[in-house]
Every structure is written in structure tokens, then in C-alpha cells.
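Number of protein chains: 2
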Amino acid sequence: MKRTKQERQQKLQETIEETPFITDEELARKFGVSIQTIRLDRMELSIPELRERIKSMAKNNWQETVRALPIDEVIGEIIDLELDQRAISILDIGREHVFSRNKIARGHHLFAQANSLAVAVIDDELALTAKSEIRFKRQVKEGERVVAKATVKGNDDKGRTIVEVNSFVEHERVFTGRFEMYRSNDQKEMHK
Amino acid sequence: MKRTKQERQQKLQETIEETPFITDEELARKFGVSIQTIRLDRMELSIPELRERIKSMAKNNWQETVRALPIDEVIGEIIDLELDQRAISILDIGREHVFSRNKIARGHHLFAQANSLAVAVIDDELALTAKSEIRFKRQVKEGERVVAKATVKGNDDKGRTIVEVNSFVEHERVFTGRFEMYRSNDQKEMHK
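Protein sequence lines, in the order shown, are assigned to chains A and B. Note that the UniProt record's numbering numbers the first sequence so that position 149 is 149, with each residue one more than the last. Note that the UniProt record's numbering numbers the second sequence so that position 77 is 77, with each residue one more than the last.
Think of the hints as simulated: they come from the structure by calculation, not from any bench. Since the model is a prediction, treat every value here as computed from it, not as a measurement. Hints should not be assumed to be uniformly reliable.
Identical copies look the same in the list; a pair holds intra-copy or inter-copy alike.
Here are the simulated BS3-like cross-link-like pairs (lysine-lysine), alpha carbons at most 30 Å apart as the crow flies [unchecked claim]:
no. : residue 1 : residue 2
1   : Lys141    : Lys158
2   : Lys153    : Lys5
3   : Lys137    : Lys153
4   : Lys30     : Lys11
5   : Lys149    : Lys11
6   : Lys153    : Lys131
7   : Lys30     : Lys2
8   : Lys103    : Lys137
9   : Lys137    : Lys30
10  : Lys2      : Lys103
11  : Lys30     : Lys103
12  : Lys11     : Lys141
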């Protein structure tokens, strides 16, 4: 069923509001039109391109929010964060992140994105990872954008904070991890 | 009990043969003498300094042995490797590996060393991590040397190879991980 231009533009606006880091390529596929059409639609609707949208979100200046580490030590770009609640970051997989042979993203980069997000979400000046269980659900390739979502699940009986991180490429989950985080109230534990 | 010089030199030679990546500082502490004494002992015994010992081991040219990835994609330096059996690598923790605030090594670097060693030890041109459980046992600081030891434990019922990695600073375990590795015989699994 072909949408009218007006219908498509309305849907497009809604889609970008809901999933602001969607690319023009993904939008074109979603709406069954050319990338050029999406670009024209965005111009008519005065919606900036993805790179500008990300920049303006990042300008929210998360450094004033994040406590556990300087913002430039987070792997990936923080897009949303509420301390001790949830956080989102994105990481564009470039050549430096993949095995040279098969262009598959190396596990430790997906781990680093998730782990540093788990550190950043903690409302404490000292946050360290004690333990982690992770799964790589499918291969991620060069050029893909990984969106990591961290959710704080609460504290366990040892006073460690449990953070769950799920990472997606478009709507497909590619990584999941459970992180047990120390915070400074049990800092002594780490020096045993 | 004070050893004679001859006794000490004999012990020193044995110690270096058993644990070839021990530093002069560690040797001095172990034998209760000054670093200068250790250096003189080494000169008399014609034992090269640590950096040279590592270089000569690395010259064993592990690239001809490792199958799953180019040797320069291994994080850390491979010191010993027997495919599908065991492997050892060392990683010197520098400024680029630590949190700027507290000089504690970031978890993803210890993970990267262990994970890439788990990949390297697999006797297959395609090896990917499916799942991992890890624990950070104690903080690692800038300037410390991490020795990671990977042991292949065999295959599970899904045909994945289990690799256990334990990482040490001197004789203290700082990291432990269990990695479930895909190999190309179940490569289709990854494309589901």
C-alpha cells in the first residue's frame, strides 16, 4: 500500500522522534522509497541529518551528570543518561573495531561499550566492575551502529549494583551483559 | 638465612628459567638483595635483561602457529602457545589502559587480553566468542604486568570450545574468565 507524501512525512517525523539515531538508509528501507526522497522529506520538515541530531543530543553535556569517570573515557557516545536508572550510548563500528580478515566486530569493543556504560550510569565517584556475564548474540559488521542500553536493576545482598546492558543493531539484539558493580561504599572489599 | 653468592646465583638462574618474565625488581624482593646486585648477577651469568628475554621469546614467530587472527591483532604479547591446548600472553599496563582518576586498569583491557588469547589458542581459521563469564579479582594498577594463561578445556555439547583464562600479577590472580568459542564447524549458527 503506497502512502501519500503527506502521510509518509508525518510517519517519518514520528519515527525520527521515537528512534532519533535512525539513518537515512534505514528510513528509506522502512518506507520503501529512495534515500534521496528521505533527504528531501527531511529538508521540507526541517529535520537535521543524523550527525547533527546526535551532536545536538550530545550537547546535553553529560559530563555534568556522569560521576564515575570523565565523559571522554566512555567508549561510544552517550545519548541519554539518568544516574542509577538507565543510560544509552551508540558506537559506530569502524575499521579499527573489526577483525581484518572478516570485518566482524571484535568482542572486546562491544564489551568496552557496555562495560563503560555500566560504569557511567553509577551515581558514585568510584565504580568498578566485579563480575560480568555476557553473550554475543550475533556478529556485528563494519559500518553497523550499535546502540547499547543499560538498566540498573538494584543492589544484591553484597551491596553491589547490578546493571543489565543490551546492545542492538537496528532492532536486533547483538549483545547482552549482566554487570556486578562495586561502588565506593564497599571500596575496602577491592583492597582485600 | 643469608645465601652465599653462589647459592643465590644458582637459585636466580633457576627462577628465571621457570618464570622468564620476572622483573629485576621482583627478583630483588624475592632474594632480599638490591636491584643492582641482581643486575650484576645477571651480567656474571650472561642472562639478558627482561626486555631482551621477551623479545627473543616473541621471535619464536607465533604468526606461523596462530590460525584464527593475525598476530598483531592479539592484545598483549604471546609468549607461549600450543593450539587447542594452552597459551600465555603478557600485557604491561600503561597510562592508556587506566582510568585517569585513580590509575586502575579498565576492565575492558583485561578482558581484551584474555578474549584475544582465547581466540588465538583455537586451531581454526574462524573463532568467535559466543559467551563469557568473567571476574575481576583485584584492581590492577598502572605499571603492573599482567600474565594471562589460557587453557582449552574441551568442547561442550553444542560443539563450542571452552577456554579458561586466568590472569596474574606476580603470583596473585587478578582476573578469571570462561569463554565459549564458536569455531567454523558451527559457523552457520552465527548467521541465524
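Taking the hints in turn, this is what the structure says about them:
1. Lys141 <-> Lys158: between (38 Å within a copy, 24 Å between copies)
2. Lys153 <-> Lys5: neither (43 Å within a copy, 60 Å between copies)
3. Lys137 <-> Lys153: both (21 Å within a copy, 22 Å between copies)
4. Lys30 <-> Lys11: Classified as within: same-chain Cα gap 11 Å, cross-chain 71 Å, threshold 30 Å.
5. Lys149 <-> Lys11: So Lys149 and Lys11 pass the 30 Å test inside one copy only (25 Å; across, 54 Å).
6. Lys153 <-> Lys131: both (15 Å within a copy, 21 Å between copies)
7. Lys30 <-> Lys2: Result: close within a single copy only, 12 Å intra versus 79 Å inter.
8. Lys103 <-> Lys137: within (17 Å within a copy, 33 Å between copies)
9. Lys137 <-> Lys30: within (24 Å within a copy, 46 Å between copies)
10. Lys2 <-> Lys103: Close neither inside one copy (37 Å) nor across copies (58 Å); limit 30 Å.
11. Lys30 <-> Lys103: Close inside one copy (26 Å), not across copies (46 Å); limit 30 Å.
12. Lys11 <-> Lys141: within (29 Å within a copy, 52 Å between copies)
In this structure, the hints that do not hold are numbers 2, 10, in rising order.
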